[in-house]
Structure formats: structure tokens, C-alpha cells
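4 protein chains.
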Amino acid sequence: MANHLGHSLVITSFGESHGHAIGVVIDGFPSNFTIDLNHIQSELNRRRPGQSDITTDRNESDAFEIISGVFEGKTTGAPITILIQNKGHQSKDYDALKSVYRPGHADQVYDFKYGHRDHLGGGRSSARITAGWVAAGALAKQFIHQKYGITIQSVVSSVHQISVPDIFSIDWSGAENNAIRCPDTTVATQMLNLISTMKSNGDSVGGIISTRIKNCPTGLGEPIFDKLNAELAKAMFSINAVKGVEFGDGFKGTELKGSEFNSSSNHEGGINGGISTGKDIEFNTAFKPVSSIKIPQKAEDKDGNIVDLVIEGRHDPCVLPRAVPIVEAMSALTIADHLLLHLKYKI
Amino acid sequence: MANHLGHSLVITSFGESHGHAIGVVIDGFPSNFTIDLNHIQSELNRRRPGQSDITTDRNESDAFEIISGVFEGKTTGAPITILIQNKGHQSKDYDALKSVYRPGHADQVYDFKYGHRDHLGGGRSSARITAGWVAAGALAKQFIHQKYGITIQSVVSSVHQISVPDIFSIDWSGAENNAIRCPDTTVATQMLNLISTMKSNGDSVGGIISTRIKNCPTGLGEPIFDKLNAELAKAMFSINAVKGVEFGDGFKGTELKGSEFNSSSNHEGGINGGISTGKDIEFNTAFKPVSSIKIPQKAEDKDGNIVDLVIEGRHDPCVLPRAVPIVEAMSALTIADHLLLHLKYKI
Amino acid sequence: MANHLGHSLVITSFGESHGHAIGVVIDGFPSNFTIDLNHIQSELNRRRPGQSDITTDRNESDAFEIISGVFEGKTTGAPITILIQNKGHQSKDYDALKSVYRPGHADQVYDFKYGHRDHLGGGRSSARITAGWVAAGALAKQFIHQKYGITIQSVVSSVHQISVPDIFSIDWSGAENNAIRCPDTTVATQMLNLISTMKSNGDSVGGIISTRIKNCPTGLGEPIFDKLNAELAKAMFSINAVKGVEFGDGFKGTELKGSEFNSSSNHEGGINGGISTGKDIEFNTAFKPVSSIKIPQKAEDKDGNIVDLVIEGRHDPCVLPRAVPIVEAMSALTIADHLLLHLKYKI
Amino acid sequence: MANHLGHSLVITSFGESHGHAIGVVIDGFPSNFTIDLNHIQSELNRRRPGQSDITTDRNESDAFEIISGVFEGKTTGAPITILIQNKGHQSKDYDALKSVYRPGHADQVYDFKYGHRDHLGGGRSSARITAGWVAAGALAKQFIHQKYGITIQSVVSSVHQISVPDIFSIDWSGAENNAIRCPDTTVATQMLNLISTMKSNGDSVGGIISTRIKNCPTGLGEPIFDKLNAELAKAMFSINAVKGVEFGDGFKGTELKGSEFNSSSNHEGGINGGISTGKDIEFNTAFKPVSSIKIPQKAEDKDGNIVDLVIEGRHDPCVLPRAVPIVEAMSALTIADHLLLHLKYKI
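Chains as they are written, first to last, in the working numbering: chain A, 1 to 347; chain B, 1001 to 1347; chain C, 2001 to 2347; chain D, 3001 to 3347.
Derived from the structure by calculation, the hints contain no laboratory data. Careful: at least some of the hints might be erroneous.
[As the list claims (entries may be wrong)] Quick list of simulated restraints, FRET-style, between CB atoms: (1) Lys214(A) - Lys1092(B): 38 to 48 Å; (2) Glu312(A) - Ser1265(B): 25 to 35 Å; (3) Ser2052(C) - Ser1052(B): 53 to 63 Å; (4) Gly174(A) - Glu1260(B): 27 to 37 Å; (5) Asn2032(C) - Gly278(A): 14 to 24 Å; (6) Thr2189(C) - Thr3186(D): 20 to 30 Å; (7) Asp3301(D) - Lys214(A): 40 to 50 Å; (8) Ser1061(B) - His2145(C): 39 to 49 Å; (9) Asp3301(D) - Ser173(A): 48 to 58 Å; (10) Tyr148(A) - Ala1096(B): 29 to 39 Å; (11) Ala1096(B) - Asn2032(C): 17 to 27 Å; (12) Pro2165(C) - Gly3278(D): 36 to 46 Å; (13) Ile2170(C) - Lys1092(B): 57 to 67 Å.
[Stated by the list, open to error] Partial selection, computed: residues in chain C whose CB lies under 7 Å from chain D: (14) Gln2161; (15) Ser2200; (16) Ser2204; (17) Glu2222; (18) Phe2247.
Yeah, the Cβ is synthetic: ideal placement off N, Cα and C, and Gly gets one too.
Isolated chain A, as found in the complex (with noise of 0.2 Å):
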């Protein structure tokens, strides 16, 4: 069940980076729901790469398909298949990745596990199958913002050393205007000039993508194993390059006494014994920086020699804002879930 997501509404994914398609299964969505194509398309549009001047310059399209569970527009109870064709890809600048492992990625340790690679585009552990993930939460998105009235955003509020202060006091709206995501402006400005930098450099940056969930019902969560925050979080750490994940006052919030954190108003950032308490949901998940840099670099190959690396090929020098629309599809789909496992309580 390793690919394999969710409880109540379950996502399957599948594919890899130069294979035919990659896609997803979307069982136990509610029937009989309209479904808003167009929207589907846009969250894959800000997902997709050679979106600004900042990302790649791969192009892939990411058009989609819906093949099953919908039926004139509507759901039907039935699973739903989205797939996504794999177009434009260049599987010879991987000719030299057969046997080399590059640092950071996944190469060695999928050859360990399995004993069989598609090394194409990373193959299976590439970020390009989180396509099918942001096109599944899209319609968790359109579920829970028609039925519950719940939005999600998440923003940039870290890059490198550049940091917004005070994250979750400020106003987002704005945060869709500029190519890093980032809400204020005047750091946004820094953030996207550094990246130019690093990309000149052929190096690479990482930072923390805040997210905030409004209009969340109290009551979502279901303890003791699958609490909503470790529900969040285990989607969370399912995104290429995560390593951490933090709710409220989160690692800074260990420095506060007991009476300072319980006089708050969000300290715990709106989850509580891991159920909702109808404040707003927020969190920082924070992103490595990208492994494929054009910095020269040693590399292991499969005979545990030490060889010299170059990484042709089109990345992103910081992933953060593509990253951006997958944190909101997977906390939509947590979200979803959650308000279809709290229906027994209501009977």
C-alpha cells in the first residue's frame, strides 16, 4: 500500500519522470459532485515547470485526463483516473546517470532497495509525479471549499538566509503576485534575486513554505494514531526534499513556559490532541535545498568508485514556488479525508 494515501478518500499514484504517463486513482471521492476542470488545469499550471524565469526551462504542459469516475461532469462514485502524459522529456541527458548515483537524489539508495532502476528523470523518485497529486487535491480543493467553505494557501516565507519575519501575521493575498510566492514583497525582491544568483552559480537553494488553512470545522483529527498534525505532517514529509515540519509555534515554540504558550491565541497553530480546534490550520514545512546542481561535484557510481560529476540537464535552482501548489493539494487531501472519517460522529 506504499503508494497509497488516505483513509476514507484514498489516492494511488503511479508513473515515472520519462515513462508513458503518470497519473493518480482518486478512490472514495463523494458521488455525484461537479467537478470544475478548469481549476484543475490552473493548479497544475502553477505546479508546472518554465512558469518564470526562476524555474527550469524544461517545458512540459501537463495537460490532463480524466479516464474514469466522471461521467457529464459530475462524479460518480466511481474511482477517478487522471493521467498526465509525459511529454518533451530527454532521457539522453540521463545516458550518463545509468550507473552513477548523483549526491542528494535518490539513485542510490532506490538501486539498493530494489535492484532494478529507472534512472531516466529520477524515474520513479521524481518531484514530476507530484503532478497527479496536485491534480487530485485540486479536487479536494473544490470539495472542501463547495461543502465546508475551508481555502488553503500556502506561501514562501523562507529562502536561504532570507526570511520573512512573523510569517502568519501578515496579509498573503499578494503572495500569488510575484514568482517566488512570497507575500511581502520587499523580501520577495531578495528572495528572487538570490535565486538568480544560484542559478548563475549553477548552485541551489532550499527555505519553508508556510500554510494556513481557514474555516477548517473544529473537530477534524482522528486520534490516537491518526491525528490530524500527524496525519498533515506524514503528507507533508511525502514531497521530494521535506525534512521538517513544524504546527503553530512549532521548534521556536520549546522556548516558551507553559503559562506563555497556554495564554496564546494560536500558539498551537489550530490542531489540539490532533483535532482541529477552528482556529486557523498553520504550519512550516522546510525544503533542502535542490541536489542537481551544475557545480562540478564527486559522485559514487555502482562499483563504489568516487567519479567526477557534472548534471546536464534543466533544474530548478529553488523548487519552492513549484512546491507551493503541491503543500495546498496535500493538505487538501488530508483535509478531505478527515471531514469524510468525522462523519460518524455526526449520525
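With the hints as your guide, set chains B, C and D onto chain A.
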């Protein structure tokens, strides 16, 4: 399935703080394995209250009983049930709390979610139930150590604003020798002094637990959605009061460039692409300060009124030393589960 | 997850015949539901040994204890754990069976599979553990009856070569009035006489239990793989000694033409395409004759030798009347689970 | 999870009869296994319509495409997705059926359950989707045969009132040589004549498929709730039109005494206590007559009116020969899943 954790090795948690007993059912544990009962008890002793001056004065002996799945000292493949009777609880302490929601606790969200709540000692949301997890984790520890040589150690690396610099670079062998379970004796003393002060003041503090898993074979973790880091994170967020989890360099690692991160020995924390690399697995878990404090607070009651609240009872001023064996237990269960899941790739 | 059944309402079964206790954890039961303890005991009494002349003389009172999940008489949404102590077992009866495999029993396959076996009273493979299922099923029965008006009744329709013709066409209201639980009093007397003869001879017989579920709402069942008939069948085959399950006309219905079958009132048995039609759900469950007989038999021992075996102990000559409440319980759990699963289509 | 089957080897089924494509995702298939594509196609050909005079005239080539999980001819451990395009369907045949419920079909219950229905060619409830199961089953067959030497064969043992006596005692090697897949050539001819008559009359018949699994190792099956017979039964009841399943002597075996049953060679059908005994696994699956007949029928429409119905389109007068590979496929998937589940007891 909200009270079930794991895929191949599955624990079911049950019980409330002041009920007859709490416990755990362990399903899928390999058969014909000799159990060390003393080790289970010693792990429970590390978690139990009253073990030192800085923990609660409550007296819970936490004697356990195996009521199924073990015959003549060995596992039979049948589900293993471990019961721990609830003794010495003082339910009267909670009379005042039937209709008042303690700040920071799950009282209010449980009432919202379920409509009916066992309020005694926190009921189902009490950390008392983690005793069952520790017992189950002890079995997992025995299994992964005996069959694979894996060891798991957690230590307290930070309390409030006092922390050990560069925790993963120092020797952890003495951590169990002090009451706070911090491997740096100088820092440990500072932490203990702070916690004594907090206890006197009726206040509380949080902190960070660092975990290292040694000798974990390469290849554990089931991408795309059951990545080893995602599963460990989910297990951590199941623990009461956890607000953040990060692997390797975690949030700090977002401040590095790709060229710096890649060249590291173990910035990844022993997991890459969701799969163990064979290096030590290293992660941090953030705990908020204990919610139960003796300082008078404002609280909300069932009718929405704000009332004055003074919490009676015997509570920990800092939960971290007692959380150390819980973190280890949840880690051990996750690793054992993934060892079993990985068998299919070795046929 | 081998000892877990259900999706939204999940039971975990544990315990062995001669261990401390057997029991069940019920996870996912809706909260705030008032439990009828007397009804649970009365269901257990219908299953317990020693209830009539034709059942085993073993004395098991089957008193139960709820140790979690119920507070002040109502469910809290937390897992409900029910324990039934094992008393009055005579482990000495089984000394001879440690290394001899009883014909028809699971002794040998358990040894093969697990390498270590609790042989006392059949250990994990004993029908004793179904007491836990009956207790859990009682809760399910209460829930589906109170909330939806659903009733479930099972009766003995066939014993050895004596059967009630056209069982689904007669009145079942008197079935509980005779020791064999057959609604046709004339046939019941024949059955009872046969079983008495078998008991005297030290032999045993099997038979068929018929089940009818009334007032089941239309729409239950989750195609494609969790069809209501598939789920009921799986639950039936979990019961010891079951060798066949058929819905509606079942095997006999294969002798009809399509034109005959379609024109029927209820040849389908109330389920079509895996979904309840709103008509009575009707199915038959076939039980092989009890394996434990007093007639001397040849048996295989651990070393592969064929030895003479005479089984001591107190066994049922016919298990069917005691299996009636087990069949009902497993049916009730399945229906309750599917009622919860179906909620998502009613949003 | 309604469209998922299995625990360690999990298939996800998707697609509708007249949609773009139907398919299956296979998750958990061991890596580094060389796939035989011709074998997959030959299995699909055994299921496809138009293969003989007694099957439907519909022309579905059932060419398949593997779009993920296989690289350079070998499995990678990633999910394997198999697509089968829907071609040659005649949706106009179904215009009249949008608001009329065909007797015996799932039309009405799908409308009740989901509130919105793809009525074309039966939509999601069409047996067309079993093509994906057969493709997945072919992979499972290859795996269990190559690694364990296991073979699975199903044959038609009964059609309407014509049956092969003592089916498990005769030679099955010639069963694939006649269009009905019956191993007794004399009986096969009678069956074929009957089906021809039914086809001329516009009527249909059902029957029984018998299955034998050879060389299954002892020890497969996961009591208490994932017993091998329970799992095989669930897989069988997933197949359209199945109304009964019995193992070994099944319903007939209820007429034996314990002393007779125990002394048998294989009355159990190769499974005891839910675990494979090492003997041949033998079971029967009952299929009701095909619901689509050309004889005019009364039917209910959406508004509850009774209307006259004549079903157009090209339908099988007897589904059994085409169901043979489906039964084998579902058996193979179940056995493969349990081989993987059993690995943990061999550490």
C-alpha cells in the same frame, strides 16, 4: 483504524487514564521469538512517573501483564496483548474539570468531536496511554536488535532556552545517568536547575528530543507515501505535545546551498528519498511546554464562559525525560514494521 | 492486520483458549451511544457452552468486562475493549496433544506456519475466541437496530441430512424456543434426536445456518472489491468450520435460466452488484461436522508418525446452535461497518 | 479503499465499460522480476468476447499497455499500471437504458447508492473491468509459478442442470480444448448444445466453475480474519454474478459425520483453520445466469413505473467460459499476496 499504527506490524492502542486498564494489541509480530520480560519492565520504568525529583509525584507502578500471543516465553504469531492496570489515580482531582476545559489540553476538542467525554485524568487523551506504546516498543526493540543489530537512543538536547550545541557530534553514552537524560552533564545540570525552578513556580517548560538509530540497514522505507521519514514523523506526532519533527539538518539545513548540503557526511539524517541510506538516522522532535500548570489561568467552560482555573493534581514540570523512552518506542515500532515490509524485495 | 476486520468499524480479536483472557477491541464505534450491557450478556449466553443437553458440558460463564471506551454508560469514540476471562479450562486434557495433530483441527498447519504453538484447547484457533466477536456483534446489533431499525436473525436450517425445505419461506419466530434453533419444530425434533445419537456414539455432525437481515437500507456495499456479499462472505469464512457461503438461490440458482432468475422476487438474496437492494438479505453458511470426536482415530504427530488418538475433553457433537449467534454477530459487524462507509454518499 | 484488493500485493481497479480506458494499478509487486508480455495477452484473450460461437459477438481486442512500473522488461518495485483502451463499444445501444433499470443488473442500486450513474454498457458495474484483473492476475501467475512452482486451473464443471460428476477426481488437462472449458468432453458437448439453444431463444444460463491450486506451500493464510479461504471467497464474490463459494466438500460436506469427514484425503479442500495444508486447494464458485437476455421483460424505471423492456446489444448466453480466466486471476492475486504476507514467519 484511528487507533492502529503500522502496516505489517500493527499496534492497536486502547484505554483511558482512569479506566480499568490501558493496553495495546500487537498484531503481526513474527512468531517463535523469545521475549525478555525484564526489558519490557525496565523500559516502562524509564517512562513511569515518580522516577526522579523533576517528574510528577504520582505513583504508577506500571506493572504489565501479557494476556495473549506469548506461550512458554515465545511469541506464537497470534496477537500479543499487553495490559497495564490503572492504579493510584485520584479521580476526585478532576471533579472540577468535568465542564471546564483546561488550556492547552484536548478537553474541549474531544467534547466538540465526540459529544461525550471521559474527563478523568485526561481520559483517552492522557499521555498515560503511551505506557502501552512503550511496552510494545520494547518488543520491537528486542526484535530489531537481536535480528539486525539495530539500536535506538533518544536524548534530551534542549529544554526551554538551554540546549546542547551540535548534539549529534557528541558522545551520548552517559545520557541515562542524569534525571533529564541529557548527554552533556554540564548542560544537564543547568536544565535540572531550571526545571526545579519551574516546579517551584508552578510553571512548565518544553524542549527537544534528539534521536539516533544505529545500524539500520539500507533500503528501509516504502515510497511514495510510506517513506521512512514520513512514517517516523507520523509516529512522533502521535505523541502528546509534539509540535515539530525534523531530519538531519532539518530547518537549519534550509539555510545551506545545494553545493554545501550535497557535500555533507550526513546532512540528510540517514534517510534519502524516503529510504534509509545506511548511515545513522538522526532526527529531532519538538515538545511544547506541559499544559498543566499550577499558576492560576483563565479557562473556557462548556457554556462558553471564561472562568478562573487552578489545576490540582500532580503534574510534570517538564515531560521530556519521560518522553525519551516513548520516542524510542515509536521509532522502534516504525523500524520493525519497515523491516517486515522490506522482506518482499529480498525474495 | 490479520486479526483486524472491518474498514470504518474495525474489530481486533485477541486471545487463546486457555490464556488469561480473550477479547476484542472495537475501533471506530460512533460516540455518544448508550450501551445495553444486558443485551451483550444475553448474546454471550446464546453462544456459551453448557446451555443445553446437546452442547458441550464445559462450564464457561463468559462474563465480560468493558475496560475502555465507555464512560458513564455511553461510548466516547475511543476504542472499546471487551475482556472475557478464561475460567474452568482443563489444560491437562491437552497434555497428550502437544505433539499430536488432531484430525480436522488447525494444529498441524499452525505448527507449520508459526513454528511455535499454544496447543492448549486449540490455542488461537479455538472457537472460544468467537465469544469476543459475539460481544462486539452485540454492540453492532444495538447500533444498527436503534439507528436504522435493522434486525438480523440466523437459524439452523439443516443438520447432517435433515433439512427444512424452503427455509426462507417459513416463519422464524419460534427458532429460539428449541435447543437446535430451528424454526420448524418437527424438523427440530428430528435434528435433536440425531444429535443425541451422535453424542452417544462419540461422533459429530455439521449443517447449514440460514440468515436473514431485515430492514437493511438500500445502497450498502462498496464495489468493486468491498461488495456487501463479498464482505459478508469473508466474515462468515472467518468462523471456524465454515466451508461454504451462498446468497439467495446460491448454488441451486445456477440451475435456473436467466428468464426465470430475473423474474424472481428475491433470487438475488437482497444484494445485487454488491449493493443491498432494500429487500431482505438472505444467505446460507455451511459448517463441516465438528472435528473433535470421541471415536478413536489415526493422527499424525510432529515427527510424521501415524499414531492412535482418542480425544478427551468436552466437545459439542454439533456446533450449529452455538454458531447461530456468531453468524449473527459477524453479520451485524459487517452491516454496521457498511452503514458508516456509506455516509459519504449522503453529504 | 473500495476499489483496492490485497494487503501486501494490492490492486486498484478503475474504469467504466464505455469510458476512455479501463485499467489496474498493481502496488507491492516484488522488484527485479522479468515480465512475460505474451502471457498477459494470452490470458486476456481467454477472457475477451468474441472468442467462440457461444460468447458475445462484441469485438474487444483487449490490447494492453503497461504505463508504469516496468523498465527494460523488469519490474522496478514502483506501482505497475496497465491500461486497456475501450474500443468498439456501441453506446447508442444504451440510450434507452438511461432511465430504465435492467432486471438482474446493478443499474438501480448504483442509482440509489451514488445518485449519479454512468449507464453506458453497465458503466462501473460492467464485467468489462475484469479485463484489468486478468492482466494483473497474469503477473501474479507468473510470479507464483516461477518462484514457487504454483499452478492454478479453473474449469467449468456445471452449466444449468448439466454437470460433471466428481469434478476433482478427473483429468483436467483437456479443458482448454473446448469452447466451454469443461474437462469432460462428453459433458462439454451437452453444455455447448444447451448454450446454443439458449442463444437462439434469447435466454441465458449460469453454472459452476471449479478451481484447483497445485503446489501451494503449506502455511499460507493469516488467521483470524485473513484466512486463506476467507480471502479467496472475498476475491470470488468480487466477480460479477457470483452467488456462492464452497471449499472442498462444501455444502455437500455438511451431510457427512465427523468420523467420515476427518478420515478423508482432502474433504477440506486444501485449507484448514484458514491455512493451506499443502494439499491441492479446491473450491467451487457459483454463477447466476447472465442477466442480459433478449426475451422481453418487465422492468422498473427511475420513476418507479413498470415498463416493457427488450435489451439490445451483444451479450453472452453463458458467461462461464470467459469467467474461467477471471477466477484464475483472482485466485492468483490472492495466493501471491499471501506468499508475501507469509514471509515474516520465515525470518
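Comparing the hints with the structure gives:
| no. | hint | result |
| --- | --- | --- |
| 1 | Lys214(A) - Lys1092(B): 38 to 48 Å | holds, 41 Å |
| 2 | Glu312(A) - Ser1265(B): 25 to 35 Å | holds, 26 Å |
| 3 | Ser2052(C) - Ser1052(B): 53 to 63 Å | holds, 60 Å |
| 4 | Gly174(A) - Glu1260(B): 27 to 37 Å | holds, 32 Å |
| 5 | Asn2032(C) - Gly278(A): 14 to 24 Å | holds, 20 Å |
| 6 | Thr2189(C) - Thr3186(D): 20 to 30 Å | violated, 45 Å |
| 7 | Asp3301(D) - Lys214(A): 40 to 50 Å | holds, 45 Å |
| 8 | Ser1061(B) - His2145(C): 39 to 49 Å | holds, 43 Å |
| 9 | Asp3301(D) - Ser173(A): 48 to 58 Å | holds, 52 Å |
| 10 | Tyr148(A) - Ala1096(B): 29 to 39 Å | holds, 35 Å |
| 11 | Ala1096(B) - Asn2032(C): 17 to 27 Å | holds, 23 Å |
| 12 | Pro2165(C) - Gly3278(D): 36 to 46 Å | holds, 39 Å |
| 13 | Ile2170(C) - Lys1092(B): 57 to 67 Å | holds, 59 Å |
| 14 | Gln2161 | holds, 5 Å |
| 15 | Ser2200 | violated, 13 Å |
| 16 | Ser2204 | holds, 3 Å |
| 17 | Glu2222 | holds, 4 Å |
| 18 | Phe2247 | holds, 5 Å |
Of the numbered hints listed earlier, those contradicted by the structure are 6 and 15.
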